[in-house]
Amino acid sequence: MRHTTEKIVERKNLVVNPVKTCQPIGAMYAALGIHRCMPHSHGSQGCCAYHRSMLTRHYKEPVMATTSSFTEGASVFGGMGNLMDAIANIFSLYDPDVIAVHTTCLSETIGDDIPQIVKKAKDNGLIPRGKHVFHANTPSYVGTHITGYASMVKAMVDYFAVPSRKRSDQINLVPGFVDPPDMEELRRISSSFGVAVVMFPDTSGVLNTGLTGAFKMFPRGGTRVSELVTAGEAIATLGLGRFAAGPAARALDAKCGVPCEVLDLPLGLAATDRFVMALSRHTGVPVPEDIAEERARVVDLVADMHQYLYGKRVAVAGDPDHLFPLVEFLLDLEMDVRHIVTGMQSKKIERRMEELFREKAPDKRPNFAAPGDLFLLHQWIKNDPVDLIIGNTHTKYIARDENIPSVRVGFPILDRVGHQYFPIVGYRGAVRLLEMILNAFLERVDATVPEESFELVM
Amino acid sequence: MEGLERFDLEKIREEILERYPAKVARKRAKQVVINRKDPETGTPPEIVANVRTIPGILTMRGCCYAGCKGVVLGPTRDILQITHGPIGCGFYSWLTRRNQTKPRTEEDQNFLPYAFTTDLTENEIIFGGEKKLKAAIEEAIAAFHPKAIGIFATCPVGLIGDDIHAVAKEMEEKYPEVNIFAFSCEGYKGVSQSAGHHIANNKLFTDVVGLNDEVKEGRFKVNLLGEYNIGGDAFEVERLFERCGITLVSTFSGNSCYEDLTRAHTADLNLVMCHRSINYMAEMMEKKYGIPWVKINFLGAAATAKSLRRIAAFFDDPELTARVEEVISEEMAEVEKVREEVYPRTEGKIAMLFVGGSRAHHYQALFEELGMRTVAAGYEFAHRDDYEGRRVLPYIKIDADSRNIEELEVGPDPVRYRPRVTQEQAEKLKALGIEFMDYRGMMPEMDEESLVIDDLNAYEAEVLIERIRPHIFCAGIKEKYVIQKFGLPMKQLHNYDYSGPYAGFKGAINFYREIDRMVNSRIWQMVCPPWEKTAPLEGAYVKEREEESYAHATHD
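Chains as they are written, first to last, in my numbering: chain R, 68 to 525; chain F, 9 to 564.
Worth flagging that the hints you see were computed from the coordinates, not collected in a lab.
The beta-carbon is built from N, C-alpha and C at its ideal position, and this holds for glycine as well.
One thing to keep in mind: the hints can contain errors.
[Claimed, not checked] Capping the alpha-carbon separation at 20 Å, the derived lysine-lysine pairs in PhoX-like fashion look like this: (1) R:Lys449 x R:Lys431; (2) R:Lys449 x R:Lys463; (3) F:Lys139 x R:Lys79; (4) R:Lys79 x F:Lys142; (5) R:Lys449 x R:Lys74; (6) F:Lys314 x F:Lys295.
[To be verified] For the chain F half of the interface with chain R, some residues (derived, Cβ under 7 Å), not all of them: (7) Pro29; (8) Arg60; (9) Thr61; (10) Cys71; (11) Gly96; (12) Gln108; (13) Val199.
Just chain F, with the same shape it has in the complex:
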């Protein structure tokens, strides 16, 4: 791609760092790197990630509770989720992530439009909130008759020492027909939402997955992990699976229901979409049940085709393979038509992506399909392996903040463990470029000579915008209007600015059209008012006034 040589990334990086106080600069230097691969080994440079945010720096990050309740459990429609804490956390995580869900029948439960909270007040902070929590669970059961209840701890709950797990156990004994489990996802745990993902994975794994051995009908059974059905993404993936004849046992957790999660262990392959939020689940399911996982990506048309082919290759069934190829060629026809139409208007433009986990990686594929280059990208809450690939896992130092998150000891289930692939099959697939239990990370796939920034903050974003002036900037709601004030289009990739879906083939078409609309919108040309572009006023009225005042002045 042309034109990028004019940016001296080295200089921009230095500029970012030099305005910081020395201590801060030292820390940030390791989180702001230029993606320059080692010429001999081809490995990307090391980046520091998953470390504390510097107090007082305007960060994009949220908290552990947000990762647990908001991200991972939030989209499950029929687990009644009680936030145990003061009113705020429950209020803010209520319907704000655009997780869509579609119960299969009119009678099926759907608690997504509801926010449940114990609304702790001073009294409980002093005397403990367990009693209130128990009573709240009873009230919830009386009014809603849920199959399952999840309890989510907020900051003060951890401090006052409420034993939410004991409460869950006690209430489950009292109401054996309801599965009640709790998450110690207090906001202060870990350094970002990431801790909450891990906690959510652990509890879902121990208390939900594996409860129901009933096997779904279908020959090619998969679970989709790390897809949250923002703006209907999961609906589009489900549509493709159905067309191809792939049976979706469960999704963690977009458009998901409790029952599907309980029998996730009966699937034969796990597909990992967002590696950061769900890799723990994939790993634990592999160890306990023998289900292998592959990294897939349904964002981008080419990526979707590649992912479908991976699934077909795994099952190695001529009928499935033929069906998948047929679907791809049919769907790609429309995709290509739109892409060709849009391409001349988007080609050569520059994007920046600072979003969640995985999204900053996956969306680069979509921009690439539009001929756009991502010059800077980074995650809000990822770890080193999301940047550099899982090969660095053995070298990641466990610090105090990570040590506080429980790591489950998982071994093969005496009854249910069943390896799905033989050594021979694995070798064969490896030859096709399909590796199990592996994720290569964002950096190896990202262009060399681009900036990778972990935990970007407002001030760094400002420098990037001023120096590079990208054609589009992608981040979240807190960043949206800041970027737009600079006169640049800003795409929210956490909630898609209330559009979407962007997954799969139909999603790619939506995205192409949306980005075309945004980067070519006339409004950005209207930012500068016309009077600032023209010569000074020369109207007769003004002239007369000037002459008049001159006359006055001389008379005086």
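The shape of chain R in the complex, shown without the other chains:
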């Protein structure tokens, strides 16, 4: 990237190398976490193609989603006809149980009223009995892919959760925008407390299926609509990630009176501690010994390898829900977090980040931008170099230019494997994060030390 200079020219209007993308892709991803659900993009077909392509590249899995295929006519006269046709075609050809419609900047700008169109489709008998069509408004010019994810998850509550007097021995989990193995891991940890777990969405078993010689448009995974209905009778909801999971957890509280607690994504040690303690508190079950042992291993690994972590300068780019616990973890490892960017615009993020540093590293003041972009991050690094970059695949261009090791965390990861199989949440996830960070450092040492210092044991 030969044009990135140290000199920082002020920019307010041009985003260069964004570290965020648009709402609909988040909505599409969330919808894939419903069992037998067809995500439907209401707009021109390019959005759907781009979102499917990007999700496919990230998960290396089939991503099925349909589109209203707007052309100029629909853009002028409205997309009702297109959506009605789409609903009819989708049910007759693919037979999903649910269609999850999300809007795009096109349909939002012309003002298509999705509930009204869906109602008309229902009145016209286009929605078979027992099948569902629900929707979320996800204009691309508001928020980011995280906002879109949050909107679609909230729509699951708005459409399906039913208030109930009954209280079942059940915990609701609303995970943030995390990968299928993370969802599996969150379920495993929660289930170890001996309660039933309703998690929505759940993309495990949908976006991490094996190769058996039989393609299934709707694999076995995903949250059942019946589960969404019973979410209203749980003892508590844990929303993991303020931005991606918070709105749904709070909506369920408001609609069904299920008390909710919105926590950080359990990433790293401290945030996982808070998650595990919340589970213990709400279920009244002491923390299982296995989970405690998993935690101990994280501590053990840090103690063993602390010299490689201590004082290392890091730059981090990503989504806010990932950023807080990740930065917290890095600070707990006594690493020196110098630069942080996120694509989301929010004063709240800035305040929380300030608090985090006040508490964990009061003598440090990182460069921090919300919103910022990777071009700015690169310029900061040129002015104040770091030893490691943590972020999505796009950060690799900075890493190469500045000759810095990098670790992939976040979305999208297009050039590495692992994220589709191994979690980064929970204590096991913390071990994996440590493994990635430490191995990046250790490999760098091996590749660069002079021959006389090249050592067998490290």
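Take the given structure of chain R and dock chain F to it, following the hints.
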């Protein structure tokens, strides 16, 4: 080729159509045809193409913006490209097409690793985004000092009525050293990426080509049109041109730079690779500057040799002809060696190709060289002429979706028009089988009794796979893992699965080896777990358990 008689294509076609609702079936029937030529005239059957996708059908297609910014302009390294719109479109079209580029010097500009966008938010959607766009252009100029800036409209920009062309003009007046131009390539225009190609061609033609009359040194000057340097394809073609002594003035637009595009009109011959994405440019350059075009193809070793010979025949120079023959015979030696090695392992296998424009046509040549037959193929966004040849152009009905794309009126340039071929030369070349300004299309070259399907969708692909079980299926990233779940190798021909190049002679060798690896990979034999192939378990432990439970049952 043997073994294909076992497929009743007629029946497969019927099966595809019968599951559709009646209205949909009527439409699809015209887009799914069996390539059966008329015995008297030898012309292929008519196919419907370039029409709207049916809402709700899982399509492979993208949008106008993707065709304009992603395909045609994307690979040019030093035109700073600003996506005017919300964040998504700019993000998704950022480095995802594997367009490689190699600036000539360390100082040369290269913006390919950058994504520039105005990141429109609600405020601009309500009050208009022109102000932000102007400011963004100023910021881009201050930070990057580009020679040229392209502005690309996304869906909402068209709806809110931002006049991006007026902005471009105004900013160009303010910064006369920068060429600033805009593309009205909103995603909803047309029915696929194709509209975007046309829009890109128009603007490049009016605002870039012809700005620089400086003639490149070299005797045999050509432009390469419709080659996008996916995975280094253009590098390989450039290498061959250099070996042969052919001067490449510019490529539209793989490994291209702005300056080369500005003097494209000084070339003497246009070579059209991807007809769909760039035929407009070839046609307009012929009308305005008198540069004839021929259809060539650098995918496949035989096709590459044939294309090089066409160029030599055009220039009709004994030295060039000798050089070309020498290069072909030298390069073909290695190609033949690898082909012979691979052939016994690929011969008789079946391929299916559902890719872009032209790729579904060109790659059939490579498969043919491996002894493989393409039983079904189709384009994602082509028009009838790409299937049936340009002879059908007068009969293509212009519908509302195409009418919205501007058709430029082009006449001879008063100064620069210079016909490159005389009537006599043209006649002579025609006798050699070289026709100017002509493309015969995919269907005449495709085997008879094969399926041609326009705008294939996921459900139709499923029927094809279940009924025919091809040995390899070629399409794009969205289709990749669907096909693989069926237990079949799937080759991406838009990005080559991160390998390549596949163009030219060296590319052919890469492709032979790659297809051999894929169709003969051991992994497909491992899909079925061994326990499903063996008899039921008879272990002692299980038996004991069974006896035990039997004992329990009888005691009870």
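Do the hints match the structure? See the list:
Our distance criterion of 20 Å between C-alpha atoms is met by R:Lys449 and R:Lys431, whose separation comes to about 19 Å. Proximity of R:Lys449 to R:Lys463 is assessed by CA-CA distance (about 15 Å); at most 20 Å being required, the pair is judged to hold. Restraint check for F:Lys139 and R:Lys79: satisfied, since their Cα atoms lie roughly 12 Å apart, inside the 20 Å limit. As the CA atoms of R:Lys79 and F:Lys142 are separated by approximately 12 Å, the hinted pair is consistent with the 20 Å bound.
A hinted pair counts as satisfied when its Cα atoms are at most 20 Å apart, and R:Lys449 with R:Lys74 qualifies at roughly 9 Å. In summary, the hint linking F:Lys314 to F:Lys295 is not supported, as the alpha carbons are separated by about 26 Å, beyond the 20 Å threshold. Interface hint at F:Pro29: satisfied, since its Cβ lies 5 Å from the closest Cβ of chain R, which is below the 7 Å cut-off. Hint status for F:Arg60 relative to chain R: holds, with the closest Cβ pair at about 6 Å, below 7 Å.
Interface hint at F:Thr61: satisfied, since its Cβ lies 4 Å from the closest Cβ of chain R, which is below the 7 Å cut-off. Because the smallest distance between the Cβ of F:Cys71 and any Cβ of chain R comes to about 2 Å, under 7 Å, the interface hint for this residue holds. The interface hint given for F:Gly96 is met, as the beta carbon of that residue sits about 3 Å from the closest beta carbon of chain R, less than 7 Å. Residue-level restraint check for F:Gln108 is violated (minimum Cβ-Cβ distance to chain R is 14 Å; threshold 7 Å).
Contact between F:Val199 and chain R, as hinted, is supported at the beta carbon level, the nearest pair being about 6 Å apart and thus within 7 Å.
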